[in-house]
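**Student:** As they're listed, the protein sequences go chains S and Z.
Per the numbering used here, the very first residue in the first sequence carries number 1; after that it's consecutive.
Per the numbering used here, the very first residue in the second sequence carries number 1; after that it's consecutive.
Derived from the structure by calculation, the hints contain no laboratory data.
Careful, some of the hints might be misleading.
Stated by the list, open to error - Taking lysine-lysine and the DSS-like style, the derived pairs with C-alpha atoms no more than 27 Å apart in a straight line are: (1) K75/Z with K58/S; (2) K60/S with K160/S; (3) K49/S with K113/S; (4) K153/Z with K68/S; (5) K57/Z with K60/S; (6) K73/Z with K60/S; (7) K60/S with K75/Z; (8) K75/Z with K219/S; (9) K60/S with K66/Z; (10) K66/Z with K199/S; (11) K94/S with K171/S; (12) K85/S with K113/S; (13) K122/S with K106/Z; (14) K122/S with K139/S; (15) K199/S with K73/Z; (16) K139/S with K101/S; (17) K106/Z with K219/S; (18) K66/Z with K49/S; (19) K139/S with K199/S; (20) K73/Z with K68/S; (21) K143/Z with K140/S; (22) K106/Z with K135/S; (23) K66/Z with K68/S; (24) K68/S with K57/Z; (25) K66/Z with K58/S.
Claimed, not checked - Restraint ranges, calculated between C-beta atoms of paired labels, are given here: (26) V118/Z with D205/S: 23 to 29 Å; (27) R67/Z with D205/S: 31 to 37 Å; (28) K157/Z with P73/S: 28 to 34 Å; (29) R67/Z with F91/S: 53 to 59 Å; (30) L155/Z with Q232/S: 18 to 24 Å; (31) V67/S with Q47/Z: 45 to 51 Å; (32) F165/Z with K199/S: 32 to 38 Å; (33) A207/S with R67/Z: 25 to 31 Å; (34) A169/S with A86/Z: 53 to 59 Å; (35) A225/S with R68/Z: 55 to 61 Å.
Note that the Cβ used here is the ideal one computed from N, Cα and C, for glycine as well.
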Amino acid sequence: MKDRLRMIPGTKMGKVICGVVIFFLLATSAYATAVQVINFPALMSMVQKMVTQAITDKIKAVWNEEVKIKLEPGTINTKAVSFVKYNISSFTDKMISQYMKNNAGAFARGDGKLFAETAKSKTAPIIPSANSDFKEFQKKIREVSILLAGAPGGGTDRMKHFTTAEYAAVKLRDVFNQASVVAYEKASEGVYVAERFRKELSSFDPAYIDGAKSDQAVKDLAKLAYYNAMLQSEMLAVMSQGEMRRALEGR
Amino acid sequence: MKLNLPVVSRLIIVVIIASVLLTFGLARNSSAIVPPCPVATDATIAQMAQQWAASFKTPYCAYLDKRRNILLKQKLVAGVLQQTSAMSEIFRVTEESTSIVKRIEKVARRINLKNQGVADMAAAKLRALRSGAGLTTYSAGEKAFAKASRVEKALEKFSSTAFDFCSRHQAQKDAAKLAYLRGLVQAQELRLLSLLKMMEALEGER
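Using the sequences and the hints given, assemble the complete structure.
**Tutor:** Here you go:
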């Protein structure tokens, strides 16, 4: 048997068999080496690019979502809050500089017609409702201001024999009347603003803040801090005008 | 029919079968190429890259989604101060503006408008308004005190230490709610102060 096997490579058929075996072995080795050595870096590079792109896209999507949440408005509708826009100061300034200068106080020479008409009118002076229009509200407040300003005194002709102290007293009384008008009108504005704030914001249910995202709550907090600052500033203005008037009282 | 091949022919068949098995079976598996890649074209590499990329990105994206959902959930948790809705209800009650007018008119009816000079009538009107403002201020003070007492009572039930044990998101929501309540209280304070100053402005000799 051994002798027969030894004879096989020597024959033509044996050479063919050996060639086929060697060919198949070489082919297997060549394919494996080709994939492992030549294509593996290209494959890894491609994988790296694809993974990087996928992760970058995901981070972008999450970031965009987060930015979108951060840009969501708060639950308090600022368009419905109008109390911050009411200011009576310019209206009061005109009353002092235009009306009172000529029509009220000891130094005024006006005819006092408006004062007389207001005093004689049969309608009772009222503290107007904050539910009314602001212009209407101002109009009603002005009627009282005219009464507070007083009648014209006729000017300095009637003060020829006044002493210095009397002059000072007359001047202080005029200033006191002006301060009364300013304090009354500013306090009226305070009532209007307070009532508007209550009306506009008491309809808002704070439970909405609980239902929204915390980013929205922070925005609402900032808005409310602004409104609170406006209210406090209004309070300070009303108080300071009132105290200025009080400082002039009894002089 | 009996197949009687010579020994050499049998050997040839055995060698061919063994070679084929070795090439397509054992040899390929032992070369650690999974899956077998007989021809390494761009298409097969791209396919493999896609599979590998998917296996890398899926757990990472799942982690990001999980983290994002946790954060979103935290943002949506309600605050710990739950009484705010009940407290804001207290301020929803309106002041009776018509009653103010009626009060002043009632006082004004007592003024005798006959045979009076302009200055006297102006003084009488201001006196009537002062009385009305006094009544209004008293009423407003009474209501404001009642509201303040109710809010105080509602707030007493809450302990501010609760903020130490809640998340930042909850504290932010409660801060907003408290700012809202503070606004309502301040508006009440402003109204009362303004009425008081209006009444004061009507006082004094002119």
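**Student:** Next step is simple, just say for each hint if it's right about the structure.
**Tutor:** The hints, checked one at a time:
For a cut-off of 27 Å, the pair hint linking K75/Z to K58/S stands: about 21 Å separates their Cα positions. With a CA separation close to 86 Å, the supplied pair K60/S and K160/S exceeds the 27 Å bound. Distance restraint check for K49/S and K113/S: the Cα-Cα separation of roughly 90 Å exceeds the 27 Å cut-off, and the hinted pair is therefore not satisfied. Between K153/Z and K68/S the CA atoms are separated by roughly 40 Å; this puts the pair beyond 27 Å, and the hint is violated.
Taking the CA atoms of K57/Z and K60/S, the gap is near 14 Å; set against the 27 Å cutoff, the hint holds. A C-alpha spacing of about 20 Å is found between K73/Z and K60/S, which places the hinted pair at or below 27 Å, so the restraint holds. Proposed proximity of K60/S and K75/Z is supported: the alpha carbons are some 20 Å apart, at most 27 Å. Simply put, K75/Z and K219/S have alpha-carbon atoms about 13 Å apart, close enough for the 27 Å limit, and the pair holds.
Between K60/S and K66/Z the alpha-carbon distance is near 16 Å, which keeps this suggested pair within the 27 Å criterion. A C-alpha spacing of about 43 Å is found between K66/Z and K199/S, which places the hinted pair above 27 Å, so the restraint is violated. Distance check on the hinted pair: K94/S and K171/S sit about 20 Å apart at the alpha-carbon level, within 27 Å; holds. Annotation: proposed proximity of K85/S to K113/S is violated, straight-line Cα distance about 33 Å (limit 27 Å).
For the hint pairing K122/S with K106/Z, the CA-to-CA distance comes to about 14 Å; that is within 27 Å, so the pair holds. Between the alpha carbons of K122/S and K139/S the distance comes to roughly 16 Å, so the proposed pair stays at or under 27 Å and holds. Simply put, K199/S and K73/Z have alpha-carbon atoms about 34 Å apart, too far for the 27 Å limit, and the pair is violated. A distance of roughly 20 Å separates the Cα atoms of K139/S and K101/S; the hinted pair therefore holds under the 27 Å criterion.
Annotation: proposed proximity of K106/Z to K219/S is violated, straight-line Cα distance about 48 Å (limit 27 Å). Note on K66/Z and K49/S: the hinted pairing holds, with a Cα-Cα distance of about 24 Å set against a maximum of 27 Å. Distance restraint check for K139/S and K199/S: the Cα-Cα separation of roughly 22 Å lies within the 27 Å cut-off, and the hinted pair is therefore satisfied. Restraint check for K73/Z and K68/S: satisfied, since their Cα atoms lie roughly 16 Å apart, inside the 27 Å limit.
Of the pairs offered as hints, the one joining K143/Z and K140/S holds, with about 25 Å between alpha carbons and a cut-off of 27 Å not exceeded. Between K106/Z and K135/S, the direct Cα distance comes to roughly 26 Å. Compliance with the 27 Å bound is thereby established for this hinted pair. The straight-line distance between the Cα atoms of K66/Z and K68/S is roughly 18 Å, inside the 27 Å bound, and the hint therefore holds. Between K68/S and K57/Z, the direct Cα distance comes to roughly 24 Å. Compliance with the 27 Å bound is thereby established for this hinted pair.
With a C-alpha separation of about 13 Å, the suggested pair K66/Z and K58/S falls inside the 27 Å cut-off, and the hint holds. At about 53 Å, the beta-carbon gap between V118/Z and D205/S misses the expected band of 23 to 29 Å. Here the CB-CB span from R67/Z to D205/S is close to 32 Å, well matched to the stated 31 to 37 Å. The given range of 28 to 34 Å is respected by K157/Z and P73/S, whose C-beta atoms sit roughly 32 Å from each other.
With their beta carbons about 57 Å apart, R67/Z and F91/S fall inside the hinted range of 53 to 59 Å. Range check, L155/Z to Q232/S: Cβ separation about 20 Å, and the 18 to 24 Å hint holds. Between V67/S and Q47/Z the beta carbons are some 36 Å apart, a value that contradicts the proposed interval 45 to 51 Å. About 37 Å separates the C-beta atoms of F165/Z and K199/S, a value consistent with the hinted range of 32 to 38 Å.
The supplied range of 25 to 31 Å is met by A207/S and R67/Z, whose beta-carbon atoms lie about 29 Å from each other. Restraint check, A169/S to A86/Z: a C-beta distance of roughly 56 Å satisfies the suggested window 53 to 59 Å. One distance hint, 55 to 61 Å for the beta-carbon pair A225/S and R68/Z, is violated here, with the actual separation near 29 Å.
Of the numbered hints given earlier, the model fails hints 2, 3, 4, 10, 12, 15, 17, 26, 31, 35; all others are met.
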